[in-house]
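*Asks:* This is what each chain is made of:
Protein chains: 2
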Amino acid sequence: MDPMPDTQPVFRALADPTRRAIIAMLAERPRTIGEVASAFAVTRPAIAKHLKILEEGDVIRVAVKGRERINSLNPEALKRAAEWLAVFDRFWDERLSRLKAEVEKTR
Amino acid sequence: MDPMPDTQPVFRALADPTRRAIIAMLAERPRTIGEVASAFAVTRPAIAKHLKILEEGDVIRVAVKGRERINSLNPEALKRAAEWLAVFDRFWDERLSRLKAEVEKTR
DNA sequence: TTGACATAAAACCTTTTGGTTCTATAACTG
DNA sequence: CAGTTATAGAACCAAAAGGTTTTATGTCAA
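Residue numbers (the working numbering), protein chains in the order written: chain A, 32 to 138; chain B, 32 to 138.
Source of the hints: derived by calculation from the structure; they are not laboratory data.
Note that the structure is predicted; figures quoted are calculated from it, not measured.
Using N, Cα and C, we set each Cβ at its ideal position, and we do this for glycine too.
Just to be clear, a hint being listed does not mean it is correct.
To be verified - Result set (EDC-like, lysine to aspartate or glutamate): computed pairs, CA atoms no more than 16 Å apart in a straight line: (1) 110/B x 89/B; (2) 110/A x 120/B; (3) 110/A x 37/A; (4) 110/B x 114/A; (5) 110/B x 120/A; (6) 110/A x 114/B.
As the list claims (entries may be wrong) - Sample of chain A residues at the chain B side, in silico, Cβ under 10 Å: (7) 42; (8) 51; (9) 115.
Hey, can you work out the whole structure from these sequences and the hints?
*Replies:* Dropping the structure here:
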């Protein structure tokens with residue numbers, strides 16, 4: 032009944048406000064776990080767990096560089112969630128929906 | 032850091048696959064709790080709880096009619112989640128993002 | 001008014017979530 | 001090599017999530 036079955040990990044990743052804030056941070060630029068953690072009041076392991084969940088949802092990609100793990104945003108995953116929601120676009124903006132369809136077709 | 036603070040109830044509502052399926056059902060037409068429940072393997076109270084969470088996120092609106100509660104989709108709430116995600120659009124489709132901005136401006 | 005029906009509400013249970021602290025391990029750096 | 005740094009990982013905890021069953025309650029229909 033869920034129109035797109037593999038959206039679960041993404042929506043799960045998006046469910047927590049700290050994780051959404053991390054997404055916003057990483058949209059700016061890639062960061063190490065330590066850099067991300069220093070921006071929040073919670074402990075490093077807590078942030079590491081959030082990052083793992085984001086990784087499971089493919090919302091972030093991790094590059095191991097020496098002893099550092101550099102986390103960067105993978106916007107494609109967010110696109111999946113956005114597309115799920117786009118199915119309902121017609122209910123609140125018929126016009127935008129048509130434009131979107133046009134763009135999808137012609138690109 | 033979360034660009035839009037009151038998105039939490041919506042994203043929370045969207046986090047569960049059963050609730051997303053309910054959203055899809057109600058997009059079709061409004062339904063009573065019983066009607067919704069009959070489409071799932073879980074019990075009626077479980078569905079009632081899901082509907083309450085959807086209501087808390089303002090994703091559905093409830094009209095009490097006699098002994099029935101008629102649940103209908105409120106797409107505006109989904110729009111809020113979609114808009115949060117739209118901030119990241121430019122990362123995966125620069126062109127669509129510009130079109131969207133245009134639509135917002137001229138309507 | 002009596003029974004069936006739609007839902008509410010309480011009590012309870014198990015698993016997951018989001019967090020902690022403490023202990024390792026591996027990699028740079030002087 | 002020695003010390004510091006970046007992260008991993010285990011063990012643990014409280015609260016929330018998702019579910020159940022059982023018990024009420026209000027409403028419709030005969």
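*Asks:* All hints are to be evaluated individually against the structure, with a verdict given for each.
*Replies:* Hint check results:
1. 110/B x 89/B: holds, 11 Å
2. 110/A x 120/B: holds, 8 Å
3. 110/A x 37/A: holds, 12 Å
4. 110/B x 114/A: holds, 12 Å
5. 110/B x 120/A: Distance ~8 Å between residue 110/B and residue 120/A Cα, so the pair holds.
6. 110/A x 114/B: Roughly 12 Å separates the two Cα atoms, so the pair holds.
7. 42: holds, 5 Å
8. 51: The hint holds - residue 51/A has a Cβ within 10 Å of chain B, the shortest such distance being about 5 Å.
9. 115: holds, 7 Å
Hint compliance for this structure: no hint is broken.
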